[in-house]
Amino acid sequence: MGFIAKKLELSPDTNIVNEPLIKQTWLQDSASAKELLRLAEKEFMNAMSEARLQCDSISESARSKAQEGVWEQANELLAKWEEDHSRLCNAIEPMASDLVMQSLKKIFGHLSEPDKVGALVHQLASEVREKKPGVLRVHPSRESIVIEELKNKSIGYWKVETNQSVNEDELILNDENGQYSVSISLSMQRLSRLCS
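Start counting the sequence shown at 1; every next residue gets the next number (our numbering).
Think of the hints as simulated: they come from the structure by calculation, not from any bench.
We put the CB at the ideal spot given by N, CA and C, even for glycine.
Every clue listed holds true.
DEER-style ranges, computed between Cβ atoms: (1) Lys153 x Lys80: 52 to 60 Å; (2) Glu127 x Ser103: 18 to 26 Å; (3) Trp81 x Lys42: 52 to 60 Å; (4) Pro133 x Thr162: 16 to 24 Å; (5) Lys65 x Gln102: 51 to 59 Å; (6) Asp98 x Leu186: 14 to 22 Å; (7) Ile92 x Glu161: 45 to 53 Å; (8) Leu37 x Ile4: 41 to 49 Å.
Produce the entire structure from the sequences given, and follow the hints as far as they go.
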């Protein structure tokens with residue numbers, strides 16, 4: 001296969017365009033269009049940047065308000081819980097005090113007389129810390145039990161005297177420092193005050 005060659009021949013009388021193929025105004029318009037596109041792109045980028053900043057600001061504001069709302073709600077719930085807790089404690093306290101007192105009365109009611117007197121001697125000995133001679137007044141019905149308890153606790157420095165005016169559940173000690181008194185009823189009153 002062979003190549004076909006054609007020759008373009010222009011005759012001297014052929015009119016060649018005297019004007020440039022691309023006109024100067026077109027080039028200027030193209031440059032202006034490029035500049036307009038560049039300016040439009042710059043404005044677009046500025047607008048996008050401003051929009052991002054506004055979006056971030058709105059988002060942060062919304063997040064902050066949401067957090068404030070959460071904390072407000074948490075504080076309200078905590079205040080309600082504290083109020084409910086206080087109300088519940090106030091309602092339970094009298095019942096608990098009554099229950100403790102009833103339990104103590106039952107316990108004291110089930111104790112033997114020597115155990116009751118032993119508890120009183122122990123309480124009196126713990127209140128009077130100095131081991132000094134004194135006179136321990138007791139009800140006549142308690143004399144032998146008190147003497148036995150004093151021996152058990154190695155308290156030989158108190159002299160026991162009976163006295164009809166002393167209650168059966170009471171011990172009164174007089175020594176050089178003053179007078180000390182213990183009794184089951186007095187202890188119950190103290191416990192009652194502590195519980196109420």
